[in-house]
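Enquirer: Order-wise, the sequence lines are chains F and P.
Just so we're aligned: 13 in the numbering used here is position 13 of the first sequence, and the numbers increase by one with no gaps anywhere.
Just so we're aligned: 56 in the numbering used here is position 56 of the second sequence, and the numbers increase by one with no gaps anywhere.
By construction, these hints were calculated from the structure, which means they are not laboratory data.
It is possible that some hints are incorrect.
[Claimed, not checked] Dumping the calculated BS3-like pairs for lysine-lysine here, alpha-carbon to alpha-carbon at most 30 Å: (1) K145(P) to K216(P); (2) K114(F) to K172(P); (3) K176(P) to K92(F); (4) K107(F) to K172(P); (5) K223(P) to K107(F); (6) K176(P) to K114(F); (7) K135(P) to K223(P); (8) K235(P) to K198(P); (9) K28(P) to K92(F); (10) K176(P) to K112(F); (11) K141(P) to K235(P); (12) K198(P) to K172(P); (13) K223(P) to K28(P); (14) K217(P) to K28(P); (15) K92(F) to K223(P).
Each chain, letter by letter, is given below.
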Amino acid sequence: MRVTPIQVILILAIVAILIGIARKALKRDITIREFFLIALFWLFSLAVVLWPNATNSAAHLLGIGRGTDLIVYFATLSIAYAVFRIFIRLEKVERDITELVRRIALKNAEEKEKKEKL
Amino acid sequence: MEWGVNKSIQINYMQNIFVVIPAYNEEKKIRGVVEGVLRVAPHVVVVDDGSNDETAKSVANMEGVRVLRHIINRGYGAATKTGIAYALSMGADVVVTFDADGQHRPEDVPALLAPIHAGFVDVVLGTRFHKNALKVPFLRKFSLKLAVVFTRIISGLRLTDAHNGLRAFSRKSLEKIDFHKNGMSAASEILDEVARHKLLYQEVPVVISYTPYSVKKGQSTFKKIMLGLDFIGGKITRLYHK
Numbered sequence: 001m002r003v004t005p006i007q008v009i010l011i012l013a014i015v016a017i018l019i020g021i022a023r024k025a026l027k028r029d030i031t032i033r034e035f036f037l038i039a040l041f042w043l044f045s046l047a048v049v050l051w052p053n054a055t056n057s058a059a060h061l062l063g064i065g066r067g068t069d070l071i072v073y074f075a076t077l078s079i080a081y082a083v084f085r086i087f088i089r090l091e092k093v094e095r096d097i098t099e100l101v102r103r104i105a106l107k108n109a110e111e112k113e114k115k116e117k118l
Numbered sequence: 001m002e003w004g005v006n007k008s009i010q011i012n013y014m015q016n017i018f019v020v021i022p023a024y025n026e027e028k029k030i031r032g033v034v035e036g037v038l039r040v041a042p043h044v045v046v047v048d049d050g051s052n053d054e055t056a057k058s059v060a061n062m063e064g065v066r067v068l069r070h071i072i073n074r075g076y077g078a079a080t081k082t083g084i085a086y087a088l089s090m091g092a093d094v095v096v097t098f099d100a101d102g103q104h105r106p107e108d109v110p111a112l113l114a115p116i117h118a119g120f121v122d123v124v125l126g127t128r129f130h131k132n133a134l135k136v137p138f139l140r141k142f143s144l145k146l147a148v149v150f151t152r153i154i155s156g157l158r159l160t161d162a163h164n165g166l167r168a169f170s171r172k173s174l175e176k177i178d179f180h181k182n183g184m185s186a187a188s189e190i191l192d193e194v195a196r197h198k199l200l201y202q203e204v205p206v207v208i209s210y211t212p213y214s215v216k217k218g219q220s221t222f223k224k225i226m227l228g229l230d231f232i233g234g235k236i237t238r239l240y241h242k
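Kindly produce the complete structure, drawing on both the sequences and the hints.
Expert: Right, here's the structure in full:
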């Protein structure tokens with residue numbers, strides 16, 4: 001099996017990520033369960049990088065010519081969805097921060113009023 | 001003015017009028033603006049939206065003025081909403097929104113209040129596009145008209161000026177209007193709410209002074225377009241938050 005330069009880059013990147021999450025798991029930043037789920041995803045990615053032709057049969061089943069195309073379509077969709085979710089999440093966080101800032105402003109004004117009345 | 005304002009009616013209502021002025025880094029202008037507004041309304045609420053300058057200090061301890069302070073900058077919409085919430089808690093019958101940069105004239109406020117006092121409408125919107133209007137800079141006019149078309153399509157309101165900071169709301173209308181955008185796109189959201197609740201509204205001619213200062217503080221055409229996108233984004237996420 002000939003290893004192409006892109007495979008080398010991707011393998012190194014995935015191995016680095018795996019080491020990173022292993023460290024996080026050791027430090028208990030993530031639970032063991034989370035570690036296994038994330039590791040599984042990246043190990044699967046590693047397998048696809050090592051044996052790209054293995055994805056061809058799955059692609060053919062769906063009417064897509066090459067396995068790599070299938071991966072690209074899937075990745076694009078996932079990223080688009082993730083961005084959408086983050087966008088919604090961000091809006092919610094922004095709103096919540098504003099609500100906090102507003103409550104503080106109103107509370108301070110209320111206290112000032114009480115003081116003035118005394 | 002087409003509505004004859006009965007002086008006694010106006011005095012009757014005077015105590016319950018609150019003018020909300022959201023201000024961000026306006027230390028140079030805010031005091032003059034507030035002094036002008038106090039001549040036409042009894043209560044002014046300045047919302048200092050996390051300014052880095054002396055905005056809050058320059059209007060502190062003025063009779064009839066309450067300064068609310070956002071500890072961090074949250075934007076025009078957020079500050080306006082805070083001011084409105086405060087005014088309602090103080091028993092306001094009518095709330096006027098007024099820009100802090102000196103682009104509005106206090107003498108336009110009574111004309112804004114008249115249709116609400118007369119009981120004709122719930123919401124009065126200032127418009128700078130009318131036959132006696134001063135000239136609006138060309139690029140500004142283009143982007144403002146874009147906002148008008150946008151509002152017509154999205155919210156279905158036929159306005160001549162969709163992004164004017166000078167407005168008046170009856171208490172009843174504010175209890176229905178529910179807006180969440182922090183930034184300038186709240187202006188579109190408010191109009192959308194006016195349409196959604198089928199509130200009665202009217203446009204009233206006002207004069208905007210385009211000084212180099214207010215033009216610099218205003219928005220470019222590009223920014224206006226981004227606002228439109230921001231508003232639509234908010235409309236989409238709204239579906240998910242409820």
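Enquirer: All the hints need checking, so say for each whether the structure fits it.
Expert: Here's how the hints hold up against the structure:
1. K145(P) to K216(P): Holds, because 19 Å separates the two Cα atoms, which is no more than 30 Å.
2. K114(F) to K172(P): holds (27 Å)
3. K176(P) to K92(F): holds (21 Å)
4. K107(F) to K172(P): holds (24 Å)
5. K223(P) to K107(F): Violated - the C-alpha atoms of K107(F) and K223(P) are around 34 Å apart, more than 30 Å.
6. K176(P) to K114(F): holds (29 Å)
7. K135(P) to K223(P): holds (21 Å)
8. K235(P) to K198(P): Distance ~18 Å between K235(P) and K198(P) Cα, so the pair holds.
9. K28(P) to K92(F): Since the Cα atoms of K28(P) and K92(F) sit roughly 34 Å apart, the hinted pair is violated (cutoff 30 Å).
10. K176(P) to K112(F): Status holds; Cα separation ~28 Å.
11. K141(P) to K235(P): holds (26 Å)
12. K198(P) to K172(P): With Cα atoms ~12 Å apart, K198(P) and K172(P) stay inside 30 Å; holds.
13. K223(P) to K28(P): holds (24 Å)
14. K217(P) to K28(P): Between K217(P) and K28(P) the Cα gap is close to 13 Å, so the pair holds against 30 Å.
15. K92(F) to K223(P): Answer holds: K92(F) to K223(P) is near 23 Å, not above 30 Å.
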